[in-house]
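Chemist: Residue numbers (the numbering used here), protein chains in the order written: chain S, 1 to 121; chain D, 1 to 341.
Be aware that a few hints might be false.
[Unchecked claim] For each label pair, taking beta carbons as the anchor points, the in silico distance ranges come out as:
# : chain 1 : residue 1 : chain 2 : residue 2 : range
1 : S       : Glu49     : D       : Asp280    : 44 to 50 Å
2 : D       : Gly102    : S       : Ala65     : 57 to 63 Å
3 : D       : Val277    : S       : Ser7      : 57 to 63 Å
4 : D       : Ala123    : S       : Glu29     : 19 to 25 Å
[Claimed, not checked] Result set (BS3-like, lysine-lysine): computed pairs, CA atoms no more than 27 Å apart in a straight line:
#  : chain 1 : residue 1 : chain 2 : residue 2
5  : D       : Lys148    : D       : Lys83
6  : S       : Lys31     : D       : Lys28
7  : S       : Lys120    : D       : Lys122
8  : S       : Lys120    : D       : Lys119
9  : D       : Lys119    : D       : Lys264
10 : D       : Lys264    : S       : Lys120
11 : S       : Lys31     : D       : Lys122
Treat the hints as calculated values from the structure; they're not laboratory data.
By construction, the Cβ of each residue, glycine as well, lies at the ideal position given by its N, Cα and C atoms.
For reference, the chains in residue letters:
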Amino acid sequence: MINQPESRDLLTEARQVLLDSVAPELAGERKYQALMIANAMGMAIRELEQREQGEPEETDQTVRAFLAERSLAVTSEEAEPALARVIRERGLDGADPALRAVLRRLTEARLRINNPGYLKP
Amino acid sequence: MSALADTFSTFIAGQSGARSARVIDFDKLSGGAIQDNFGLTLELEGGTRPGIQEFVVRQDAPSGVAESLSRPQEFRVLEAAFKAGVTTPEPLWLCEDTEISGQVFYVMTRAAGSASPRKLVKADFTEEQRRNIVRRLGAELARLHTVKPPQESLQFLALPDSDNPALSRVALYRRYLEEIGEPHPVLEWALNWLEDHAPEPGPTVLCHCDFRTGNYMMDDDQLTAVLDWEFAAWSDPCEDLGWLCCRSWRFGRDDREAGGIGDKQDLLDGYREVSGVGLDPAAVSYWEVMALVRWAMIALQQAGRHMSGEQRSLELALTGRMVAQMEIDLLNQIEELEDGR
Numbered sequence: 001m002i003n004q005p006e007s008r009d010l011l012t013e014a015r016q017v018l019l020d021s022v023a024p025e026l027a028g029e030r031k032y033q034a035l036m037i038a039n040a041m042g043m044a045i046r047e048l049e050q051r052e053q054g055e056p057e058e059t060d061q062t063v064r065a066f067l068a069e070r071s072l073a074v075t076s077e078e079a080e081p082a083l084a085r086v087i088r089e090r091g092l093d094g095a096d097p098a099l100r101a102v103l104r105r106l107t108e109a110r111l112r113i114n115n116p117g118y119l120k121p
Numbered sequence: 001m002s003a004l005a006d007t008f009s010t011f012i013a014g015q016s017g018a019r020s021a022r023v024i025d026f027d028k029l030s031g032g033a034i035q036d037n038f039g040l041t042l043e044l045e046g047g048t049r050p051g052i053q054e055f056v057v058r059q060d061a062p063s064g065v066a067e068s069l070s071r072p073q074e075f076r077v078l079e080a081a082f083k084a085g086v087t088t089p090e091p092l093w094l095c096e097d098t099e100i101s102g103q104v105f106y107v108m109t110r111a112a113g114s115a116s117p118r119k120l121v122k123a124d125f126t127e128e129q130r131r132n133i134v135r136r137l138g139a140e141l142a143r144l145h146t147v148k149p150p151q152e153s154l155q156f157l158a159l160p161d162s163d164n165p166a167l168s169r170v171a172l173y174r175r176y177l178e179e180i181g182e183p184h185p186v187l188e189w190a191l192n193w194l195e196d197h198a199p200e201p202g203p204t205v206l207c208h209c210d211f212r213t214g215n216y217m218m219d220d221d222q223l224t225a226v227l228d229w230e231f232a233a234w235s236d237p238c239e240d241l242g243w244l245c246c247r248s249w250r251f252g253r254d255d256r257e258a259g260g261i262g263d264k265q266d267l268l269d270g271y272r273e274v275s276g277v278g279l280d281p282a283a284v285s286y287w288e289v290m291a292l293v294r295w296a297m298i299a300l301q302q303a304g305r306h307m308s309g310e311q312r313s314l315e316l317a318l319t320g321r322m323v324a325q326m327e328i329d330l331l332n333q334i335e336e337l338e339d340g341r
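Produce the complete structure using the sequences and hints provided.
Modeler: Structure representation (structure tokens):
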């Protein structure tokens, strides 16, 4: 069994110590490294949060439903590789607003983890 | 470090015919995962460059990866650009004898100022200064683009493998994506768009291919050197302008299309003033889309170097996580172009 506090809590606290106490004492290359570490930890924290909220399965379901509506059934394959393959094979109209909405959904799901600040407010 | 300074100093004294050389300053410069750049200040007695001289020595890092031009090739490109009147460090001496420092290296003059993109984008320039900087960037590219194939000294640069450099790029990036293996539907979609919207190609010219804010030195509002020539290639002139204007290189100033500094129209005007050629702004916009795809490819490859164990690095790993930024920019930018915004 996993001990409490859980890993997200540990990571969050560790990142806060790094940012509040350690990084201000550093300069130059070392400071840059500390900020990179905080950035990486932030991504890991957000990834855990997203998992708790049902990702990446939820986004996968959206892609799957989109492909199914166009009779492009996904079997054993995960939905995203299937989507990439069908686009490359020109099996979808690139101008289709529904396709663009799915692409946006996929990208926003990644940005919520990698860089939420880059999402439009 | 000081042994290395002496090695370079002896080499420079020999090349310049100086009677003696005294090391005044030697330090490793920042930037460049593939190359090491050293700043070396010498006092030379006699020879072709007497007096206190500031040099930069550029050599392969021990973990060097041959994904771009080799140092000797880069030296030839730098010579060609310098001869064409581009503001670059003056290329002085190439040393291909690895017995000397352990690596191939070359020596060039050191330019004044800073290449820091954040500093430049945040600088408190007047509108007129911005206009002048951006026009100068256009003028530099116009001079570079006067170099056309074939060139005896640049035979190592491959010509685009189709009549249209844009379509060559699309084919190349599709191969990259296949090799990377990770699915990227947005990049596949953008590549289709690029294939379907390729403009009429311009002339094939020598392109820098990494001409962006961060890769040129500025001393206050004066450009002192265009740096980092290792990605130079024969391509369409608009590739260089598109790369400079790409959203990824505006460093937070999305409203200043030309490198986060100023207006695209000033860039085109500066280019026309020197070359007499009026480039099509739509073609530059097209190459901005290409630039986003290319940067995404580079980021994926950098992450790949980390994941394969070839070069474990937090910085490379984090670069891989930036790809979604390029992807959302692609979705936005292509839609804006279609809407005629």
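Chemist: Does the Cβ-Cβ separation between Val277(D) and Ser7(S) fall within 57 to 63 Å?
Modeler: Holds - the Cβ-Cβ distance for Val277(D) and Ser7(S), about 59 Å, lies within 57 to 63 Å.
Chemist: Taking the CB of Ala123(D) and the CB of Glu29(S), does the distance hold inside 19 to 25 Å?
Modeler: holds (23 Å)
Chemist: Straight-line Cα separation of Lys31(S) and Lys28(D) no greater than 27 Å?
Modeler: Status holds; Cα separation ~18 Å.
Chemist: Under the criterion that the straight-line Cα-Cα distance not exceed 27 Å, is the pair Lys31(S), Lys122(D) satisfied?
Modeler: With Cα atoms ~20 Å apart, Lys31(S) and Lys122(D) stay inside 27 Å; holds.
Chemist: Return holds or violated for the Cβ distance of Glu49(S) and Asp280(D) against the range 44 to 50 Å.
Modeler: Given about 46 Å between the Cβ atoms, the range holds.
Chemist: Is Lys148(D) within 27 Å of Lys83(D), Cα to Cα?
Modeler: holds (13 Å)
Chemist: For the pair supplied as a hint, Lys120(S) and Lys122(D), confirm whether the alpha-carbon distance does not exceed 27 Å.
Modeler: Holds - the C-alpha atoms of Lys122(D) and Lys120(S) are around 22 Å apart, at most 27 Å.
Chemist: Checking one constraint from the list: CA of Lys264(D) to CA of Lys120(S), max 27 Å. Satisfied?
Modeler: holds (24 Å)
Chemist: Holds or violated: are the alpha carbons of Lys120(S) and Lys119(D) at most 27 Å from each other?
Modeler: The given pair, whose Cα atoms are some 25 Å apart, holds under the 27 Å limit.
Chemist: Go ahead and decide if the range 57 to 63 Å is satisfied by the Cβ distance of Gly102(D) to Ala65(S).
Modeler: holds (59 Å)
Chemist: Measure nothing beyond the straight line between the CA atoms of Lys119(D) and Lys264(D); if it is 27 Å or shorter, mark the hint as holding.
Modeler: Distance of about 20 Å is within 27 Å: holds.
Hint compliance for this structure: every hint is met.
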